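J.: What follows is each chain in one-letter form.
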Amino acid sequence: MTDLTRLSLKDLRDGIARKDFTSLEATDAYVGAIEAANDKLNAYVAVTADQARAMAKASDERIAKGEGGALEGVPLGIKDLFATKGVHTQAASHILDGFKPEYESTVTANLWGDGAVMLGKLNMDEFAMGSSNETSYYGPVVNPWRGAGGNKDLVPGGSSGGSAAAVSAWLCAGATATDTGGSIRQPAAFTGTVGIKPTYGRCSRWGIVAFASSLDQAGPIARTVEDSAILLQSMAGFDPKDSTSAELAVPDFAAAVERGVKGLTIGVPKEYRMDGMPEEIETLWHQGLEWLKAEGATVKDISLPHTKYALPAYYIVAPAEASSNLARYDGVKYGLRVSGKDITDLYELTRAEGFGREVKRRVMIGTYVLSAGYYDAYYVRAQKVRTLIKKDFEDAFAGGVDAILTPATPSAAFGIADQDLHADPVKMYLNDIFTVTVNMAGLPGIAVPAGKDGQGLPLGLQLIGKPFDEETLFAAGRVIEKSAGQDFTPEKWW
Amino acid sequence: MSVDADTVRRIGHLARIRISDDEVAAYEGELNAILGFVEQLSEVDVSGVEPMTSVTPMVLRRRADGVTDGGYPEKVVANAPLSEDNFFMVPKVVE
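So the sequence lines, in the order shown, correspond to chains A and P.
For what it's worth, the numbering used here labels the leading residue of the first sequence as 1, then goes sequentially.
For what it's worth, the numbering used here labels the leading residue of the second sequence as 1, then goes sequentially.
Bear in mind the hints are in silico, worked out from the structure with no lab data behind them.
Nothing here was measured: the structure is a model prediction, and the numbers come from that model.
Just so it is clear, CB atoms sit at the ideal spot from N, CA and C, and this is done for glycine as well.
Treat each hint with caution, since some may be false.
[To be verified] Calculated cross-link-like contacts (lysine to aspartate or glutamate; reagent style EDC-like; alpha-carbon spacing at most 16 Å):
#1 A/384 x P/45
#2 A/308 x P/45
#3 A/390 x P/50
#4 A/391 x P/50
#5 A/333 x P/84
#6 P/92 x A/345
[Claimed, not checked] Reference listing, derived: stretches of chain P covered by chain A, where coverage requires no fewer than 3 residues with Cβ under 8 Å from a Cβ of chain A:
#7 4-14
#8 47-54
#9 79-87
[Stated by the list, open to error] What follows is a set of in silico ranges between Cβ atoms, one per label pair, in the way DEER data are often shown:
#10 A/282 x P/20: 42 to 50 Å
#11 P/48 x A/287: 38 to 46 Å
#12 P/53 x A/287: 35 to 43 Å
Given these sequences and hints, build the entire structure.
T.: Here it is in C-alpha cells:
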C-alpha cells in the first residue's frame with residue numbers, strides 16, 4: 001500500500017472522500033511517522049494520538065453516510081499558539097505550564113468544522129518570538145533538510161519552525177502557523193514548503209495567544225500552493241469575536257491557483273537588493289521574474305523607499321504590544337506560579353522564571369519604549385514610520401502593480417546554536433528583513449520554494465499582494481512552483 | 001538614547017521581571033544594541049505624518065451593550081495555580 005503520509009493534502013482529502021482509504025488509516029500513518037521522527041526533529045510538543053483517532057473515526061462515519069466537509073478526515077498539526085480545548089496550549093513557554101484552555105480558537109474550530117483531524121501541537125519559538133525556533137522552552141526544532149553531504153543540524157526557521165518542519169518531514173498533511181514579522185514565510189522558505197500570511201483581518205485572532213496584536217495573523221504552511229489555498233479557505237472568515245476581523249466573504253482560493261499571471265504587472269522593489277546578499281538569492285530572484293514573464297506577466301521596477309526602516313520600526317511596535325499582551329502572565333490566572341513574600345514579589349519571580357531570555361528582552365524593550373518620557377520619541381515615531389511604509393505599497397499598487405516579487409529570506413537555513421547570530425540579537429532579527437514590511441502594512445504575502453543554494457538547501461521567493469487579494473498570490477505562486485519544477489522533499493535521515 | 005544599569009533595573013521592575021545583579025550587564029548590552037539599531041528611525045522625516053492606528057481602513061465595530069457570555073466561574077479558574085470557591089488566590093494585598 002502507498003505511504004499515505006506522502007500524498008499532497010488535496011490527494012489525501014480526495015482519496016478519503018472516494019473511500020480509497022480511510023481517515024483512520026491516514027491518521028495512523030501520520031501518528032506512526034511522528035513517533036518515529038519526533039525524538040530527532042522535535043517538531044511536536046504534544047501528540048494527541050487518541051483524540052486524533054477518535055476524530056478520524058468520526059470523519060470516516062460521516063463519509064460513510066455521504067457527508068463530510070472540505071477537509072474531512074485530513075490530519076493536521078497545530079502550532080502551540082492556538083488554543084485547543086483541553087489540549088496542551090503553551091506558546092512553547094514555561095510560564096504557561098500545564099495550561100489547557102476551556103475554549104477553542106476560531107481558526108482551529110473552523111478546521112474541525114470542516115472535518116480536519118488534529119494530530120497534536122507543534123513546537124515554535126516562545127510566544128512566537130524568534131527566527132530559528134531556538135527560543136522554545138521545549139528546545140529547538142531540527143530542520144529535516146541538511147546541507148549536501150553534511151550532518152550538521154540546521155534550524156527550520158521561526159517562529160513557526162515546528163509547523164514548517166512537520167510539513168516538510170511528512171509528519172502532517174498541513175499545519176497552522178502564525179506570522180507577526182515573517183514567522184510563516186521564513187520557516188517555509190527554510191524548509192522548502194509553502195507558507196502564506198493572509199491580509200490582516202482575514203483570519204480571526206480569537207483564541208490565538210497574542211504577541212503583537214496589530215501585526216499577528218494566522219495562516220497555513222503546506223507542501224504545495226494548492227494545499228495552502230485549501231487550508232486558508234477553511235481557516236479564514238469573519239468572526240465577531242475578533243474586533244479586527246474583516247467582514248468580507250472568503251473567495252474560492254483553490255479556484256484561483258491555476259488562474260495564471262497573464263496580463264499581471266509584477267513589481268520589483270530596488271530597495272530589496274541588499275548589500276552582501278548571496279549571489280544565488282539575487283539569481284533566483286531574477287529567475288523568478290523570468291518565469292513570470294514567460295507566463296505573460298509584465299515586470300516593473302518600483303521603489304519602496306522606507307523599506308530599511310521597517311525592521312527598526314517593527315522592533316519598537318512589536319515589543320511594545322508584546323509587553324502589554326504578556327502582562328497577563330502573572331502566576332495568578334494560569335500556568336506557572338513562583339511564590340513570593342508579597343504580590344509584587346510573586347509577579348516578578350514568576351515572570352523571571354517563566355519567560356525565556358528573548359521574551360524578557362522584548363518585554364523590557366517594549367516597557368522602555370512605552371515608559372513616560374519615551375513614548376513619543378519611540379512608539380509614536382515608529383507608528384508614523386509605519387504609515388509611510390504602508391504608503392509606499394499603496395503608491396506602488398496605485399501605479400498599476402498587481403503583486404510584488406522579492407526574495408523570502410536573505411539566506412538559506414543556518415546552523416543550530418550559530419555563535420555569530422547569538423552574540424548579537426539584531427543579527428538574528430535581520431532574518432525578517434524581507435518579510436516584516438508586509439506585516440507593518442497589513443498585506444498578504446506568500447513564500448514559495450523556488451530553488452536551492454550551493455549546499456542543496458531550499459530557497460524561497462516571496463510574493464506580496466494588495467489587501468485581501470490572496471488569490472493573485474496563489475496564482476503567481478503556482479507559476480513559480482510549476483516553473484521551478486523541483487522536488488522539495490528532504491532526504492530522510494531521521 | 002541608551003540605558004544604564006539603573007535603568008535596566010527600573011525597566012525590570014516596571015515589567016515585573018526580577019533581574020538579578022549578575023544579569024544586569026548582559027541586559028544593558030543587549031537592550032542598547034536594539035536601541036542603537038532602532039535609532040536610525042530618527043533620520044526619517046515624519047513631520048505631518050499621522051501615526052498608524054489601524055493597518056486596515058476599518059472602523060471598530062460596536063455591538064449592543066449586553067451580556068453575551070459568562071456564567072461559568074469554575075471554567076475561568078480551572079487553570080489557576082491556586083483557587084478557592086471559584087476565586088483566584090493571591091498573597092494578602094491589603095493589611
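J.: Hint by hint, which ones does this structure get wrong, listed from lowest number up?
T.: As far as the earlier hints go, not one is violated by this structure.
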